[in-house]
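Residues per chain, in single letters:
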Amino acid sequence: MSAVDWARAQFALTAIYHWLFVPLTLGLAVVMGIMETLYYRTGKPFWKQTAMFWQRLFGINFAMGVATGIILEFEFGTNWSNYSYLVGDIFGAPLAIEGIVAFFMESTFVAVMFFGWNKVSKGFHLASTWLTGLGATISAWWILVANSWMQYPVGQQFNPETVRNEMTSFMEVALSPVAIDKFVHTVLSAWVLGAVFVVGVSSWYLLKKRHTEFAMQSLRLGAIFGLISSALIMLSGHHSAYTVAQTQPMKLAAMEALYKGGTEQPLTIIAGINPFQQPDYETTDEPPLKLAVPYALSFLATNDMNGYVPGIRDILDGYTKGDGTHELSLEQKIQHGRCAINALQEYRKAKQDGAPQEFLAALGNEVQEHMPYFGYGYVKDRDQVVPYIPVCFYAFRVMVGGGCLFVLLFLITLWRPSFLWERWREAVLWFAILCIPVAYIVSEAGWLVAEFGRQPWTIQDMLPTWVGVSQIGSSAVMTTFFLFLVLFTTLLAVEVNIMCKAIKAGPSLDEKKNEK
Amino acid sequence: MKFLKQAWSLYYDGFRSMTIGRVLWAVIFVKLFIIFVVLNVFFFPDYLKKHAADDKAEFVSSQLAKPPITHNP
Numbered sequence: 003m004s005a006v007d008w009a010r011a012q013f014a015l016t017a018i019y020h021w022l023f024v025p026l027t028l029g030l031a032v033v034m035g036i037m038e039t040l041y042y043r044t045g046k047p048f049w050k051q052t053a054m055f056w057q058r059l060f061g062i063n064f065a066m067g068v069a070t071g072i073i074l075e076f077e078f079g080t081n082w083s084n085y086s087y088l089v090g091d092i093f094g095a096p097l098a099i100e101g102i103v104a105f106f107m108e109s110t111f112v113a114v115m116f117f118g119w120n121k122v123s124k125g126f127h128l129a130s131t132w133l134t135g136l137g138a139t140i141s142a143w144w145i146l147v148a149n150s151w152m153q154y155p156v157g158q159q160f161n162p163e164t165v166r167n168e169m170t171s172f173m174e175v176a177l178s179p180v181a182i183d184k185f186v187h188t189v190l191s192a193w194v195l196g197a198v199f200v201v202g203v204s205s206w207y208l209l210k211k212r213h214t215e216f217a218m219q220s221l222r223l224g225a226i227f228g229l230i231s232s233a234l235i236m237l238s239g240h241h242s243a244y245t246v247a248q249t250q251p252m253k254l255a256a257m258e259a260l261y262k263g264g265t266e267q268p269l270t271i272i273a274g275i276n277p278f279q280q281p282d283y284e285t286t287d288e289p290p291l292k293l294a295v296p297y298a299l300s301f302l303a304t305n306d307m308n309g310y311v312p313g314i315r316d317i318l319d320g321y322t323k324g325d326g327t328h329e330l331s332l333e334q335k336i337q338h339g340r341c342a343i344n345a346l347q348e349y350r351k352a353k354q355d356g357a358p359q360e361f362l363a364a365l366g367n368e369v370q371e372h373m374p375y376f377g378y379g380y381v382k383d384r385d386q387v388v389p390y391i392p393v394c395f396y397a398f399r400v401m402v403g404g405g406c407l408f409v410l411l412f413l414i415t416l417w418r419p420s421f422l423w424e425r426w427r428e429a430v431l432w433f434a435i436l437c438i439p440v441a442y443i444v445s446e447a448g449w450l451v452a453e454f455g456r457q458p459w460t461i462q463d464m465l466p467t468w469v470g471v472s473q474i475g476s477s478a479v480m481t482t483f484f485l486f487l488v489l490f491t492t493l494l495a496v497e498v499n500i501m502c503k504a505i506k507a508g509p510s511l512d513e514k515k516n517e518k
Numbered sequence: 038m039k040f041l042k043q044a045w046s047l048y049y050d051g052f053r054s055m056t057i058g059r060v061l062w063a064v065i066f067v068k069l070f071i072i073f074v075v076l077n078v079f080f081f082p083d084y085l086k087k088h089a090a091d092d093k094a095e096f097v098s099s100q101l102a103k104p105p106i107t108h109n110p
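Protein chains in written order, with the working numbering: chain A, 3 to 518; chain B, 38 to 110.
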């Protein structure tokens, strides 16, 4: 494996690890807010104990997740130095805001939430609980703004003088359609995970015949929260697909294993794609054993059942969009990219040689003209711009299939139909418990779709991975990869152990003994 | 002044009465030590600071001009 591969693998490992903690933080934040709101409104100690229990689990998860994201920033500086330099002006702002605003908000109010029972008023404590969750959610917003810019770079202009992308519109970056879609969809997915966790843990208590009332109430609320989140995530998923179709058509084509596109495209439920090798998208029209829903992909991608959806070959060869505009072929984009690279080098040389301003301005304009395809200047083969289809394809199906499974879980646990609950109660409860690890797999699968689908781009169309990476030896990156693997696995084992112990201990009935 | 005293009391009493919180804080400190003292210092040098402290723009520009390693995703 090359340095690029190890750098990608390392970033993926650390991002996957980080994402084990974030969704439960976001999801449990809402659950504990709801529970404490019920305490505030009813005054019943039962709801206080319930809220405190879920806050304890929130706290464990929050503590374990602390600093797992910082390592990603270290990797930017070491492994992805060219990328970091080129985008630092854009990336730096959302990350700085995240640190200054969101993290401080979160860390201030989480202290009141844990230490403030019986010390501050009920209203202030309740507000602190919700503000803790809001802080975490605002954090997510800014991180996702940064990631969204990688997928859909807007609000910037490249400066050949500084060789950097410089932000021209903060609002365009912060409120790009991709950022909004990604934020809504990601937060909702975290809420679903949080709901599955609550339902699963509650089911464990019911299985053990412990804290029955607590378990039933938590189960009910978790299932309602999960159903609402699931309904909303279907809408956000549709809108995300529409946005991806506009901004990253190759990602959608890879997700669907759509080799040759057209109008009235069906949505694939499953197909016979070899998970271990890139399929032959150049000579095959569609994967074998394809089972699909007629018209559904066209509808998802264009809001029109007859809409045109480009396949991989169409994107490589150039195609005409539904609105009549023409998308350049790969060859044309490569030519533009090479012009941009050459113009940049000529600009730098001319500046060093003290060329007149008019000449420099002309070269600068040439750079800007071809800049949107800068990254294509480094592409030599068609294969290089096609993401690894098996991962995109199967990860998408794991994500959607899992989402459907959770809707079934929430429906069953909420309504508890007698034919299931009386005869198959234990099986249903085990099903709920086993959905907890499945929820994590589904959550990670969503990110695999997002990040594998944008390959080979670190910045869509502007910078491929092999140009963004630092020129360092692969052995150095490999070493830290395995270091992380050992470190994170150990920490994860510690966290799971602490979490399981807290769940086994259960909600405390005696307020004085409540752990802080 | 009263507010400061109350805030101090909140944190002081809170930290003193922690039980599982002590374990969590210990894990956090160990993790932060490993991340900032060990990993950041020995394994994650700032590449550009090390190789191009004087003129990062020129260094990155020269990197962009180099023929890239052919790579497939």
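Calculated from the structure, these hints are not laboratory results. Watch out, some of these pointers could steer you wrong.
When the alpha-carbon atoms are kept at most 27 Å apart in a straight line, the in silico DSSO-like pairs for lysine-lysine are as follows [unchecked claim]:
hint, chain 1, residue 1, chain 2, residue 2
1, B, K39, A, K351
2, A, K353, B, K39
3, A, K323, A, K262
4, A, K353, B, K103
5, A, K292, A, K323
Evaluation of the provided hints:
no., hint, verdict
1, B:K39 / A:K351, "violated (65 Å)"
2, A:K353 / B:K39, "violated (63 Å)"
3, A:K323 / A:K262, "holds (14 Å)"
4, A:K353 / B:K103, "holds (19 Å)"
5, A:K292 / A:K323, "holds (25 Å)"
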